[in-house]
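> Residue-level listing of the chains:
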Amino acid sequence: MAAVTTSAQAAAVHHDAHAGHDNYAAQLRMNRLGLWLFFISEAFLFGGLLATRFYLWGDTRPELDQEIGLIVTSVLLISSVSMRLAETAMERGNRKAFSFFILLTALFGLIFLGGVMIFEWGLFPAIYEGHLTPWGDKYGAVVFAMTGMHALHVVSGIVFIFIVWNLARKGSFSKERHWGVESCAIYWHYVDVVWIFFYPALYLIGTAAHVTH
Amino acid sequence: MQLTSLGLVRGLIGYFAGLVIGMATVVIFRLVLGMPAWDEEAVWVGGIIFAIIGFVLAIGAMSDWLKWTRGIETPMHHGPPADKPAWTRYFAVDYNHKVIGIQYGVTGLLLLIIGGSLALVFRAELADSGISFLQAGTYNTFLSMHGWVALAAILLGVGGMANYLVPLMIGAEDMAFPRLNAFAYWINVPAIITLIISMLYGWDSGWTAYPPLSLRGPVGYQMVFFAIFTIGLSSILGSLNLIVTMLMMRPKGMTLFRMPIFCWAILATSLIQLTATQLIGQAFLMLSFERTLGMPFFNPLYNAAGENIGGQPLLFQHLFWFYSHPAVYIFVLPGLGIISELLPVFARKPLFGYRWIALSSLAIALVGFLVWGHHMFTSGYGEYLRVIFMISTLLVAVPTGVKFFSWLGTLWGGRLSFQTPMLFTLGAISVFLIGGLSGPILATTATDLFLHDTYFVVGHFHATIFGGFVFPFFAAIYYWYPKMTGRMYNETLGKLHFWLMTPGFWLMSLAQMTAGTMGMRRRIADYDPALGVEPVHLLVTIAGFVIAFSILLMIYNLFTSAEIGAIAGNNPWRSRSPEWQIPSPVPEHSYARPISVVGEPYDYGLAGSQYIAMSGAGDD
Amino acid sequence: MFNRDGYGIVVLIGIILAILTIIEYFMGLYHVGATLLMLVAALKAILVIYFFMHVSRLWTAEGEH
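Chains as they are written, first to last, in this note's numbering: chain V, 1 to 213; chain Z, 214 to 833; chain S, 834 to 898.
Rather than coming from a laboratory, the hints here were simulated on the basis of the structure.
Note that the coordinates shown come from a computational prediction; the quantities given were computed from them, not determined experimentally.
Cβ atoms here follow ideal geometry from the backbone N, Cα and C, with glycine treated the same way.
Among the hints, erroneous ones may be present.
[Unchecked claim] Straight-line C-alpha distance at most 25 Å; calculated DMTMM-like pairs for lysine to aspartate or glutamate:
hint: 1; chain 1: Z; residue 1: Lys465; chain 2: V; residue 2: Asp22
hint: 2; chain 1: V; residue 1: Lys170; chain 2: Z; residue 2: Glu286
hint: 3; chain 1: Z; residue 1: Lys297; chain 2: Z; residue 2: Asp387
hint: 4; chain 1: Z; residue 1: Lys280; chain 2: V; residue 2: Glu176
hint: 5; chain 1: Z; residue 1: Lys465; chain 2: Z; residue 2: Asp387
hint: 6; chain 1: Z; residue 1: Lys297; chain 2: Z; residue 2: Asp277
hint: 7; chain 1: V; residue 1: Lys170; chain 2: Z; residue 2: Asp277
hint: 8; chain 1: Z; residue 1: Lys297; chain 2: Z; residue 2: Glu801
hint: 9; chain 1: V; residue 1: Lys175; chain 2: Z; residue 2: Glu286
[Claimed, not checked] Pair ranges (Cβ atoms, derived):
hint: 10; chain 1: Z; residue 1: Ile226; chain 2: V; residue 2: Val159; range: 20 to 28 Å
hint: 11; chain 1: S; residue 1: Ile879; chain 2: Z; residue 2: Ile226; range: 48 to 56 Å
hint: 12; chain 1: V; residue 1: Phe38; chain 2: Z; residue 2: Ile285; range: 18 to 26 Å
[Stated by the list, open to error] From chain Z, some residues computed to sit far from chain V (all C-beta separations above 12 Å):
hint: 13; residue: Val222
hint: 14; residue: Val233
hint: 15; residue: Ile326
hint: 16; residue: Gly328
hint: 17; residue: Thr468
hint: 18; residue: Arg561
hint: 19; residue: Trp569
hint: 20; residue: Leu624
hint: 21; residue: Pro653
hint: 22; residue: Leu655
hint: 23; residue: Glu747
One chain only, chain V, in its complex shape (with noise of 0.2 Å):
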């Protein structure tokens, strides 16, 4: 079926009435409205996941270090904050100071996501003797369902940080035009915003339970 004939005139018309200035800031509109629209869905998932603690352990939790808890979250805290001040550098022009806020926040993301893998996953014996395994009881379950997603996400935003980082080198945006710093950061603190909710909810709420195998 050919059912979409070319017609290469009306092109012209259509396009250069739209092109500029109003078009960047239409388009940026709708990706705003995109990028919370994804947020909004992915709620739905980390709800789904948080609804499931709440079905299988009811008021209990496992036994999870406390103090590596309020460390790890504390450094989640801090890289929004130094990733909101690597914005705000780029909404001021200021590309070293951008430069310097982004990396750091990077770096928090992956001592963040070492914190995990080594304390809550115990994936290095060698250094963290971890107790629980994804296979062994609900708790274990839970615990790397919740933190594997929310890990899945922290890796993600730290690919995307070195992205933007790479772009913003070459000299890809403008103190006016940063879409791709501004999405990176506002994807940065909802990952953030996640983990407000996950860190209570695995660290916090309920009683400790010693489970026999």
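Starting from the known structure of chain V, arrange chains Z and S on it as the hints suggest.
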């Protein structure tokens, strides 16, 4: 022309290359960790994930984005590829929403035929008692596959209507994010291939994939999980795109309450798709992880003291139905929108209660989030929940009733004409009425306890889906066929299609419900002739084949009319909607000049009323 | 110093978030229950969404940022 220059072929190569690479990666990984190299389950999971990614990368659905990450700008390409025949754009990544809409629609129709054929096979088996040619395991696989293939067909069909029509109806150049649109379509294709590959191993739980059965069955389940996860991802991205398009790209003067009513239906649908779909993705991912890694989400696990330190099967049902009930509204709301869209055109009368219809779609969508527990009346959850879910479910009848009365009000005193699209619209109303009236019987706990898991449910479900999706979808195909191809379909064949399919469906639906009340369980390969359901089953099977034959007529009609049909002209239905004011078939850039809205959309038959105005070139 | 898009307000919000987190930590130690903890979490989330993710840009038709 080289075969590999066709996007789809490259994608398929990427799929199988990814499959091999993924399987090899898992084997190597297992060897490094000191595990036995071969584990069917794990190897297939790795293979499937890589295969889906491989397809998408190879066909080039992500190449623009990957270029952006390196700072390379990619201007939007319009029109068919320069160095290839025009038809190849339908088999490759193309950013035009009209092409993507047709890709969605044709794929959906193809899946509908595959899903229907699967049903015909096991319907033939059920025509008499005793096992004649389908062994129980194969029967289960066919039945389960019929479920998901048909549901995927519906999701794609809805995607087709939405992608083709929404931008045209709001006078937009394209969707808000054309690349995302193409991506959202193309991830469906590897998912469908994966779904079909699952038949190699089979799976046997029905489409619901309840654990613990789905945790123990063959490897086919893993393919289903990832296929559905991917199709779900497509739903989410597609609906996101549609919402942004409708909220941000309407022309001057088109307030939300002056949008064509179909857009309202799609808006409500998209809100469900955007949010609820995550839950089934999550549930299926959890099943997959439980199977692959043994993470006990759903299977209970008892320690020495006899305490359950593992999961709970009921959790899956909650997660599953939190999507899968609203999903039913994803399937039917667009179809109901089509009915509301077409009735005024063929009745030459204003749509009765435009605002009420618009808001009833939203109301159905919102109430739909609160009713999932009515699928679980017999599951053993807290008994107090039964009352809550019964009441919320019965509430759905209110906005649905609003739609019915609005349709009646539109038809009342209209100057009706009965071309094929109108026939299918009326057929849809009649069939949806059967489905709708059998709903409260199942929503009421007291009666559901007896009817749960019987053929009554099958009859109810198929009536709602045929009335809410299949009939309106066919109406839409006939109605917009001239807009898509520029030619008219064959009216006689169209009418024949209708007069075979509609009585066939009434018969099938009522017979299924009868079998259910006589005690026929759903999803079983054999039954006791002493139930007395044998003649009823024979009727269902015959009706099924009649419906299948009528659909073949439509396919024949669509194919031949594209070549020999009469030239349709711009506006054969005398519609007021913007897409009918431009040439058929729609040019590459749909609207040469921006449109603006100056009146109400459905004021058919009112003297001096005007919906849209095509503005002059300088009047932007 | 605390204009809406300055560096100062960012640090201030960061400090508030830190204080709330420490409060949460002690609330957890003393078992105050899920509801209160989730309320504090929601408060933190609102701060991040409003000040860091500048959600209001969705509906204020401000220019290019």
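> If a hint holds in the structure, say so; if it does not, say that too.
Each hint, compared with the structure:
no.: 1; hint: Z:Lys465 - V:Asp22; result: holds, 15 Å
no.: 2; hint: V:Lys170 - Z:Glu286; result: holds, 13 Å
no.: 3; hint: Z:Lys297 - Z:Asp387; result: holds, 23 Å
no.: 4; hint: Z:Lys280 - V:Glu176; result: holds, 22 Å
no.: 5; hint: Z:Lys465 - Z:Asp387; result: holds, 16 Å
no.: 6; hint: Z:Lys297 - Z:Asp277; result: holds, 20 Å
no.: 7; hint: V:Lys170 - Z:Asp277; result: holds, 19 Å
no.: 8; hint: Z:Lys297 - Z:Glu801; result: holds, 17 Å
no.: 9; hint: V:Lys175 - Z:Glu286; result: holds, 19 Å
no.: 10; hint: Z:Ile226 - V:Val159: 20 to 28 Å; result: holds, 27 Å
no.: 11; hint: S:Ile879 - Z:Ile226: 48 to 56 Å; result: holds, 49 Å
no.: 12; hint: V:Phe38 - Z:Ile285: 18 to 26 Å; result: holds, 24 Å
no.: 13; hint: Val222; result: holds, 20 Å
no.: 14; hint: Val233; result: holds, 25 Å
no.: 15; hint: Ile326; result: holds, 17 Å
no.: 16; hint: Gly328; result: holds, 22 Å
no.: 17; hint: Thr468; result: holds, 18 Å
no.: 18; hint: Arg561; result: holds, 28 Å
no.: 19; hint: Trp569; result: holds, 27 Å
no.: 20; hint: Leu624; result: holds, 32 Å
no.: 21; hint: Pro653; result: holds, 29 Å
no.: 22; hint: Leu655; result: holds, 26 Å
no.: 23; hint: Glu747; result: holds, 44 Å
Checked against the numbered hints listed earlier, the structure breaks none of them; every hint is satisfied.
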